[in-house]
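Chemist: Going line by line, the protein sequences match chains A and B. Take the first sequence: its position 174, counting from 1, is numbered 173 in numbering that gives the first Met the number 0, and each next residue is one higher. Take the second sequence: its position 70, counting from 1, is numbered 69 in numbering that gives the first Met the number 0, and each next residue is one higher.
Don't take every hint at face value.
[Unchecked claim] Below 16 Å or equal to it, Euclidean Cα-Cα: the simulated EDC-like pairs (lysine to aspartate or glutamate) are:
hint, chain 1, residue 1, chain 2, residue 2
1, A, Lys116, A, Glu134
2, B, Lys54, B, Asp104
3, B, Lys171, A, Glu134
4, A, Lys116, A, Asp129
5, A, Lys103, A, Glu85
6, B, Lys171, A, Glu429
[Stated by the list, open to error] So these bits of chain A aren't anywhere near chain B, every CB distance computed over 10 Å:
hint, residue
7, Ala261
8, Leu384
9, Tyr403
10, Arg423
11, Phe444
These are calculated hints, taken from the structure and not from any lab test. Only a predicted model underlies this, so the values are computations on that prediction, with no experimental measurement involved. Idealized CB from N, CA, C, for every residue including glycine.
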Amino acid sequence: MISHLVILWTDALIFLLLVLALAFGIYASRKPHLRRPWGLVVRSRVGVGTLVVLVFYLIVGLLDSIHFHPLSETSDAAGKASRSSEVISLFDSMVSGLRARQEKTYSAPLATHLYAKESIELADGSTIRDFPRLEHGGSHLSDPGQKPADLVRLSAIGILKGLAVSMVAANCLIILLAVAARSNFGNQAKAVLTASTEIPWRVVLVVLSIMLVLIFWSAELASGYHLLGTDKVGEDVLYQALKSIRTGLVIGTLTTLVMLPAAIMLGIMAGYFRGWVDDVIQYIYTTLNSIPGVLLIAAAILMLQIYMSNHAEEFNSLVERADLRLLFLCIILGVTSWTGLCRLLRGESMKLREVDYVQAATAFGVGHLQIIGRHILPNVLHIVLIAVVLDFSGLVLAEAVLSYVNIGVDPSMNSWGNMINSARLEMAREPIVWWSLAAAMIFMFTLVLSANLFSDVVRDAFDPRLHSSR
Amino acid sequence: MMAYIARRILYAIPILIGVNVLTFLLFFVLNSPDDMARMNLGQKRVTPEAVENWKQERGYHLPLLYNASVQGAARLTDTIFFQKSVKLFQFEFGSSDSGRDIGYDISQRMWPSLAIAVPVLLVGLLVNISYALLIAFFRATYIDFWSVVLCVVMMSISGLFYIIGGQYLVSKLLHLVPISGYDTGFNSIKFLILPAIIGVIGGIGSGTRWYRTLFLEEINKDYVRTARAKGLSERAVLFGHVLKNALIPILTGVVVVLPLLFMGSLITESFFGIPGLGSYTIDAINSQDFAIVRSMVFLGSVLYILGLLLTDISYTLVDPRVRLS
């Protein structure tokens with residue numbers, strides 16, 4: 000099925016980030032001073048609960064980051080299947096049903112009829128104006144009146160499936176835990192269910208089951224209906240909201256990834272070398288900081304648009320073009336947001352260079368690079384990490400605002416900001432088209448709330464003041 | 000003190016030059032004026048004459064940095080860099096790409112922006128501080144816990160949702176105030192009240208949480224324990240000691256944004272159709288009017304630097320321990 004992989008810029012960077020995160024995880028697990036705070040995070044009920052939710056988002060985002068040219072149905076003369084020029088992701092092919100089932104225009108969630116009236120030709124040749132049946136939503140029903148019963152049936156099947164899968168998952172988890180703890184299944188199950196395990200596995204299981212039931216329930220309903228309705232051109236809103244997850248994650252994570260090298264290097268250099276290096280770096284970040292962020296982004300995106308329209312031939316496909324714009328947006332967002340972290344790192348490394356062991360290393364004639372690499376960098380890593388986690392939710396929210404002002408991601412790209420942007424006109428319709436807005440809001444809210452709660456836990460875990468008293 | 004202020008103002012000059020060079024690079028070097036002309040005139044079938052005309056009208060026909068065709072000082076002044084960037088230092092914004100006087104537009108559009116930003120700031124401060132004090136009074140109880148949860152939830156909702164939801168509920172369903180628009184004088188109140196309320200509500204989450212942290216930090220200090228030990232009531236401790244000391248970071252945090260209030264709020268103004276500087280900027284971005292965007296970038300940087308200076312000065316005023324030197 001996968002014929003020809005296409006690696007977009009943001010795909011490559013996302014997987015680079017994943018590798019970096021894994022490497023950091025391995026590194027942190029070997030250092031007690033980094034392992035302890037993470038131990039606190041996974042012992043917190045809020046921490047693990049939100050982590051499960053975030054992992055679901057992450058899985059969708061990662062699946063959506065593997066792009067390829069699908070094999071088209073038609074074969075050429077030689078009998079070889081030719082590949083189409085369209086680029087789709089692994090996630091697209093998994094939910095191909097959602098993607099393929101297009102309607103003509105708006106339809107409400109779970110509707111069987113279109114939003115707008117049309118002239119319908121009856122069997123006897125006369126035409127009437129009425130709401131036509133949808134091509135796909137509820138098309139398996141011979142009579143729309145059966146819908147409530149059908150919905151109940153599908154819901155029941157979906158929820159039962161979800162419960163079954165989560166039961167299996169729970170049992171697997173308990174077996175694994177029992178093996179790891181060398182106890183038997185019964186004792187381990189009792190410990191998990193009475194919440195007497197060190198890591199709150201019960202919370203993990205509860206959140207996991209909720210998510211699984213929700214997913215199976217919506218999958219079952221989405222197989223016969225448009226669960227969240229369709230938009231103006233008849234595309235499924237649920238599909239759009241799911242596709243937007245990747246955009247949100249890319250903005251939230253890649254922005255920090257592209258700004259990290261500059262922020263870390265300049266921040267440490269300013270604090271460590273002091274003198275004119277410090278002056279120059281301070282000058283750079285004060286200058287960048289004093290330009291209002293939105294305006295800098297606007298100016299940069301305007302310039303990018305001009306560049307792209309004048310060099311249209313350099314881009315092979317719309318997807319590539321949109322992807323490059325997304326990457327550029329991440330870079331420019333990074334340029335406007337690295338100064339805060341840089342200042343923090345400068346202050347911290349200023350403190351560290353006066354510490355005894357750094358002074359000793361200097362006295363022994365250890366080179367600057369080695370001191371920075373061995374003593375300073377490992378001791379400021381936790382600041383970097385907290386900054387990355389704290390920035391995430393703000394960036395996801397910022398994407399929506401920027402797309403609304405038309406200086407965000409490409410209009411052809413699925414993003415919550417673009418969905419909200421189009422909702423502005425839909426709200427003025429009669430009857431009101433609320434489902435695009437609601438879908439974008441729910442998906443965004445869940446992600447941002449989880450990220451906010453999670454970052455609170457992380458920050459508290461790394462805050463030495465909170466633990467010294469205990 | 001005066002010497003300090005003078006030095007700070009001198010220090011601002013290289014920063015503004017930096018801003019200027021950066022925007023100049025962004026606007027004129029990455030994309031030549033020819034590109035901009037073609038973009039504005041439409042992509043296809045643009046005659047070279049039309050491009051020349053477009054550039055001539057807007058003063059983009061000059062060389063970028065050095066004009067070899069004229070004599071004397073004009074070699075440097077008859078360039079795009081000088082005409083478009085250095086003039087900004089005299090607050091001569093020139094005319095926009097559509098031919099309007101930017102300086103005049105800014106002076107007109109400043110007031111609607113202030114009319115909405117100042118009430119939002121003041122009412123927001125009042126609400127957030129009161130709520131945070133209430134939480135601090137009931138700290139480590141269920142009220143504290145659920146208030147923090149509420150704050151995090153409110154922070155997690157996109158600002159766009161408050162605006163769209165508020166407009167729908169208040170204007171479309173209840174018909175209390177018009178959806179959008181603006182009027183002069185006291186008639187403008189009915190247009191301003193909804194955006195102001197929405198602005199305050201949108202800021203409650205992060206504001207209250209931040210102030211709560213500040214209050215709780217003060218409450219654990221020694222002088223508060225002393226005050227309690229000498230028998231002061233909890234109310235006297237909170238208002239007399241904690242509030243007063245926590246006001247220092249709050250105040251300086253407010254002072255830094257004061258000058259930027261002039262710039263207005265991009266989103267609110269464009270949603271509610273208020274003719275302020277925020278919607279001015281958005282319109283300029285959407286119509287790709289580079290002259291306006293460039294002027295607003297410069298204005299924003301000046302105001303930001305002014306805010307930093309005011310912050311330093313306000314520190315000395317509220318905290319006698321701080322001496323500027």
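Chemist: Run every hint past the structure and note whether it holds.
Modeler: Results of checking the hints against the structure:
About 14 Å separates the Cα atoms of lysine 116 of chain A and glutamate 134 of chain A, which keeps this hinted pair within 16 Å; it holds. Our distance criterion of 16 Å between C-alpha atoms is broken by lysine 54 of chain B and aspartate 104 of chain B, whose separation comes to about 22 Å. Restraint check for lysine 171 of chain B and glutamate 134 of chain A: the C-alpha separation of about 33 Å exceeds 16 Å, so the hint is violated. Of the supplied pair hints, the one linking lysine 116 of chain A and aspartate 129 of chain A holds, its CA atoms being roughly 5 Å apart against a limit of 16 Å.
A hinted pair counts as satisfied when its Cα atoms are at most 16 Å apart, and lysine 103 of chain A with glutamate 85 of chain A does not qualify at roughly 22 Å. Restraint check: the Cα-Cα separation between lysine 171 of chain B and glutamate 429 of chain A comes to about 11 Å, which is no more than 16 Å; the hinted pair holds. For alanine 261 of chain A, the shortest C-beta to C-beta distance to chain B comes to about 15 Å, beyond the 10 Å cut-off, and the non-interface label holds. Taking the minimum C-beta to C-beta distance to chain B, about 20 Å, the non-interface status of leucine 384 of chain A holds against the 10 Å cut.
A cut-off of 10 Å between C-beta atoms contradicts the statement that tyrosine 403 of chain A is not in contact with chain B; the least separation is 6 Å. Non-interface status of arginine 423 of chain A relative to chain B is broken: a Cβ of that chain comes within 10 Å, the nearest being about 7 Å off. Residue placement check: phenylalanine 444 of chain A does not keep its beta carbon more than 10 Å from all beta carbons of chain B (closest about 6 Å).
Consistency with the previously given hints fails for numbers 2, 3, 5, 9, 10, 11, ordered from lowest to highest.
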